[in-house]
Amino acid sequence: MSHLSERLAQLKSENRAAFIAYLPAGFPTVEKSKAAIEVLVKNGADIIEIGFPYSDPIMDGPIIQEAADIALANGAGAKEVLEILEFTTNLNVPAVVMTYWNPIEQYGISKFADAIKSANGSGVITPDLSLEEANPWINESNRAGIDNIFVAAPSSLPERLNHVASACSGFVYAASLMGVTGTRTSVSSSAKDLVARIRESVQTPVCVGLGVSTPEQAKEVASYADGVIVGSALIKILLEQPDFETGLKELATLTKSLADGIRQAR
Amino acid sequence: MSTTTDLTGGKPDVSVGHFGEYGGRFVPEALVAALDELAQMHAQTQTDPTFIAELDELHRTYSGRPSIITEAKRFACYAGGARIILKREDLNHTGSHKINNVLGQALLTKRMGKSRVIAETGAGQHGVATATAAALMGLDCVVYMGEEDTKRQSLNVARMKLLGAEVVPVTSGSRTLKDAINEAMRDWVTNVADTHYILGTVAGPHPFPTMVRDFHRIIGDEARAQVIELTGKLPDAVLACVGGGSNAIGIFYPFIQDTSVRLIGLEAGGDGIETGRHASAISGGRPGVLHGARSYMLQDKDGQTRESHSISAGLDYPGVGPEHAYLHDIGRAEYRPITDKEAMEAFSLLSRTEGIIPAIETAHALAGAMKVGNELGPKATLLINLSGRGDKDVETAANYFENLKM
Ligand SMILES: Cc1ncc(COP(=O)(O)O)c(C=O)c1O
Numbered sequence: 001m002s003h004l005s006e007r008l009a010q011l012k013s014e015n016r017a018a019f020i021a022y023l024p025a026g027f028p029t030v031e032k033s034k035a036a037i038e039v040l041v042k043n044g045a046d047i048i049e050i051g052f053p054y055s056d057p058i059m060d061g062p063i064i065q066e067a068a069d070i071a072l073a074n075g076a077g078a079k080e081v082l083e084i085l086e087f088t089t090n091l092n093v094p095a096v097v098m099t100y101w102n103p104i105e106q107y108g109i110s111k112f113a114d115a116i117k118s119a120n121g122s123g124v125i126t127p128d129l130s131l132e133e134a135n136p137w138i139n140e141s142n143r144a145g146i147d148n149i150f151v152a153a154p155s156s157l158p159e160r161l162n163h164v165a166s167a168c169s170g171f172v173y174a175a176s177l178m179g180v181t182g183t184r185t186s187v188s189s190s191a192k193d194l195v196a197r198i199r200e201s202v203q204t205p206v207c208v209g210l211g212v213s214t215p216e217q218a219k220e221v222a223s224y225a226d227g228v229i230v231g232s233a234l235i236k237i238l239l240e241q242p243d244f245e246t247g248l249k250e251l252a253t254l255t256k257s258l259a260d261g262i263r264q265a266r
Numbered sequence: 001m002s003t004t005t006d007l008t009g010g011k012p013d014v015s016v017g018h019f020g021e022y023g024g025r026f027v028p029e030a031l032v033a034a035l036d037e038l039a040q041m042h043a044q045t046q047t048d049p050t051f052i053a054e055l056d057e058l059h060r061t062y063s064g065r066p067s068i069i070t071e072a073k074r075f076a077c078y079a080g081g082a083r084i085i086l087k088r089e090d091l092n093h094t095g096s097h098k099i100n101n102v103l104g105q106a107l108l109t110k111r112m113g114k115s116r117v118i119a120e121t122g123a124g125q126h127g128v129a130t131a132t133a134a135a136l137m138g139l140d141c142v143v144y145m146g147e148e149d150t151k152r153q154s155l156n157v158a159r160m161k162l163l164g165a166e167v168v169p170v171t172s173g174s175r176t177l178k179d180a181i182n183e184a185m186r187d188w189v190t191n192v193a194d195t196h197y198i199l200g201t202v203a204g205p206h207p208f209p210t211m212v213r214d215f216h217r218i219i220g221d222e223a224r225a226q227v228i229e230l231t232g233k234l235p236d237a238v239l240a241c242v243g244g245g246s247n248a249i250g251i252f253y254p255f256i257q258d259t260s261v262r263l264i265g266l267e268a269g270g271d272g273i274e275t276g277r278h279a280s281a282i283s284g285g286r287p288g289v290l291h292g293a294r295s296y297m298l299q300d301k302d303g304q305t306r307e308s309h310s311i312s313a314g315l316d317y318p319g320v321g322p323e324h325a326y327l328h329d330i331g332r333a334e335y336r337p338i339t340d341k342e343a344m345e346a347f348s349l350l351s352r353t354e355g356i357i358p359a360i361e362t363a364h365a366l367a368g369a370m371k372v373g374n375e376l377g378p379k380a381t382l383l384i385n386l387s388g389r390g391d392k393d394v395e396t397a398a399n400y401f402e403n404l405k406m
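Respectively, the protein sequence lines represent chains A and B.
Each residue of the first sequence is one higher than the one before, counting from 1 in the UniProt record's numbering.
Each residue of the second sequence is one higher than the one before, counting from 1 in the UniProt record's numbering.
Because the hints were derived from the structure by calculation, they are not lab data.
One thing to keep in mind: the hints can contain errors.
Taking lysine-lysine pairs in the DSSO-like style, the calculated list, with each CA pair at most 27 Å apart, reads [as the list claims (entries may be wrong)]:
| hint | chain 1 | residue 1 | chain 2 | residue 2 |
| --- | --- | --- | --- | --- |
| 1 | A | 42 | A | 256 |
| 2 | B | 110 | B | 233 |
| 3 | A | 32 | B | 301 |
| 4 | B | 371 | A | 111 |
| 5 | A | 117 | B | 301 |
| 6 | A | 192 | A | 32 |
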């Protein structure tokens, strides 16, 4: 069982949802992203999701695009992603990498799975790896002993949803809405429905992402999902603050209130 | 029924649209249901007499098909004396081949009961064609265009607006075609319930490469018969410029089984492949996944897409359609780079020798014809896809040739 699965099982036994926090690796720089991850972990994030910055992130809104551009301009690549992954797992927190497919293919599918494993990563989220193309990756991640996490969407028809959910290990990533990442004023009602539909086909934990940005929204999602994924709202704070130190303070405050919201949900 | 190119005896995989190891589908799950619906609709309508008649009527009475062929005798003197035959897609309504695909997809949009279309555009030709079809069929239309390209092709921006479309300048990334496609994909993921994405070339996830090819093969079907009628035989080579590759696959496809006919795609070589500033995905890139499909592309060691460079907005794209990648690998088609300079020379040469101002995209094919004609000599017959007209490029040309004088 991966560290990720252990943590999700443990939180389930405590009757609360996991707080999964996302940051792109190397944003704004390698050292600063390590500092930001420490802040997330200290203030109540249960699981860290590390983004592999990518030039053409079609599932991401303007906030994550901007952060990825900054990380890329500062030289973030596979080496930096793996370095930050190892740094994170050394904090004794489960961590997964979220990446578009081409960086995996160019690194080498088998080599990438091994590299995630040797950095003690629990698994990889692949938002644009359609099931039809996923077999080579599923085989390699199984061999390496890491989880493969696919994204399920509200538009998935029942049979398809069953296939996507069944292909996941660790957790199933339920996209709360039809759209890209970003902050939203409310969480779409399709999220709760999607979680229920996924649970009809699998026992795997279901975590909800896309658009969750406030403690109130996190609390709402945490009432029914096994995990709440927050990304853009955290990054936005770092982008908006004039200096990084202030950004980290603000990040600590938001992280803590999101964690509190999630803990009060049930 | 649509099938992928099948020359190797491998079983064509209709469901996920592979061309050898290329093509396929690498997209957010949210788009899969819509792509499945589209693939099914396309497959169905390929043999539906009502759909075929509707599209045929639009071709004849709206865009002006069949397009003629023109023999370019004066231009031929600069192409080794080879016989040069131009397939005149520039004479279609809206001025390029793009309308063939757009009319087909717009009809599919109506069949799917969707009321809004979106498109990406580089040169603006695909955007203009989409805005035109949307006006004709009463669909809402939003066109994404890199900010850089809105400047290079300002005439087409005005045309799209006149036609009632909203033009959204894209300011992310390199601000060109690649980023316009990203932005259109994001719109589509969000609005897929009522929106169809009219992708303008043979790239993207299945079924786009197959579907867009099927809507453009009319170019090759007509040209093959026209050339045989004129010359009594097949041409020795068929040439076309390659951005995403739609005009090229459209004219190549009906010749694929004619193994005596060389198929030659001309990619944008920019300042020259050796400078790194080019847009030649096949000649200067390697396989990877971009915009939902595996194909050749420009990328760094980590798989980050590299920016392309070309004087031609319509060829300024770091990827290429997966069927071209496949035709290249199996040796059925050849791909060569043409520099900005070579293209601009051919641009002015065709204008002066034939009274036809080609699009700068198309000028790459003409420059290729000059080289291939010189290689093959006066006995050869070359068929060239004249994919578009150059009105939109007059400003770029004026700047270019003025700079040369200084
Ligand atoms: C006239 C013309 N030819 C060619 C192209 C390149 O596209 P494709 O390679 O898909 O034919 C364009 C694109 O804008 C164009 O306008």
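Cross-check of the supplied hints:
Note on residue 42 of chain A and residue 256 of chain A: the hinted pairing holds, with a Cα-Cα distance of about 9 Å set against a maximum of 27 Å. Only pairs whose Cα atoms come within 27 Å are accepted, and residue 110 of chain B paired with residue 233 of chain B is rejected, the gap being roughly 41 Å. Of the supplied pair hints, the one linking residue 32 of chain A and residue 301 of chain B holds, its CA atoms being roughly 24 Å apart against a limit of 27 Å. For the hint pairing residue 371 of chain B with residue 111 of chain A, the CA-to-CA distance comes to about 44 Å; that exceeds 27 Å, so the pair is violated.
In summary, the hint linking residue 117 of chain A to residue 301 of chain B is supported, as the alpha carbons are separated by about 21 Å, within the 27 Å threshold. Distance restraint check for residue 192 of chain A and residue 32 of chain A: the Cα-Cα separation of roughly 35 Å exceeds the 27 Å cut-off, and the hinted pair is therefore not satisfied.
Of the hints listed earlier, those the structure fails to meet are numbers 2, 4, 6, in rising order.
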